[in-house]
Amino acid sequence: MSERWAGVFPAMTTQFREDQSLDAAATGRHVEAMVASGVGGLVMIGSLGENQTLSPDEKREVVRTAVKAAAGKVPVVAGIAETSTAAAVKAARDFARDGAAGFMIMPPMVYRPDADEADAFFRKVGAATDLPWMLYNNPIAYTVDVTPARLAGFADVPNLVAVKESSADPRRIVEIRLLLGDRFALFTGVDDLIVESSINGVDGWVAGSGIAFPAENQRLWDFLKAGRWDEARALYRWFSPLMKLDTYPKFVQYIKLMTQETGLGSEWVREPRKPLSGEERERILAVVRRGIETRPKP
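Residue 186 in our numbering sits at position 186 of the sequence shown, and the numbers go up by one each step.
Keep in mind that the hints were calculated from the coordinates and are not lab data.
For clarity, every value in this text was computed on a predicted model and none was experimentally measured.
All C-beta atoms, glycine included, are put in the ideal place defined by N, C-alpha and C.
Treat the hints with care, since some could be wrong.
[Stated by the list, open to error] Distance condition first, Cα-Cα at most 30 Å in a straight line; then the derived BS3-like pairs of lysine-lysine:
1. LYS225 to LYS73
2. LYS225 to LYS274
3. LYS90 to LYS124
[To be verified] Derived CB-CB ranges, DEER-like:
4. ASN159 to ALA286: 42 to 48 Å
5. MET109 to ARG290: 31 to 37 Å
6. ASP130 to LEU179: 44 to 50 Å
From just these sequences and the hints, can you work out the full model?
Okay, structure coming up:
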């Protein structure tokens, strides 16, 4: 099995042009900027990457683009978000051929499986290749809750190496450690719980808002891992309003607008999402611009 996944694994956006066509070149440039910031890996075509609006060929193009831009410096983890087990298995095999280092597997989309169905889905998709994979637990967005007790049932899956824990309950980190020790690398997926999650012992962070502020995001992670709590708290207090933008239904639009303001991307999204407008756009811009104006010096 490959080296244990750890550190900041940003959830990357998929860049589009104003006409909603895929902008692979812009996606690649953002990948290069994130790699330069010191991240530990990259998560492509996840929820923030608008996976479900992409065709299978577009998904593969994004993964290939990221693999090329990362140039072997960090693992590229491909998100799998499909409505059927067969489609998810095919995606895993395709991404493996395209050079992905592993996968982040989301539960079945649209259909709400019961716990046994979800377990079977994760197992079958994870077994499609021998590459490592991360189980994405987000009961708030996807209704499936892989509780610590149910996660213990996956301890026998050799290539399940990590869990993105997005239940919004940092106590889960402790509960999983008590049941399973260090069997899985644990990642938080909720930006504004990074401090609490770090105290409880996560290995990594699938960061959202930080893709607009990669240097500060990496610095916060480094402070937390080093136990430099005063510095971490000060940086987090600046970052907190920006991180909150990752917790709303329109988090894709909010974060894309943020990356546009910091020069790392564009705001264009693919329908049914629409770019922000009116009062909402001005309100989010005010938060982002305040963050830029008060950006702490290195």
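Here is what the structure says about each hint:
1. LYS225 to LYS73: 21 Å, holds
2. LYS225 to LYS274: 38 Å, violated
3. LYS90 to LYS124: Holds: LYS90 and LYS124 sit about 11 Å apart, inside 30 Å.
4. ASN159 to ALA286: 42 to 48 Å: Cβ of ASN159 to Cβ of ALA286: about 45 Å, so the range 42 to 48 Å holds.
5. MET109 to ARG290: 31 to 37 Å: 36 Å Cβ-Cβ, so the 31 to 37 Å window holds.
6. ASP130 to LEU179: 44 to 50 Å: This hint is violated: roughly 25 Å between Cβ atoms.
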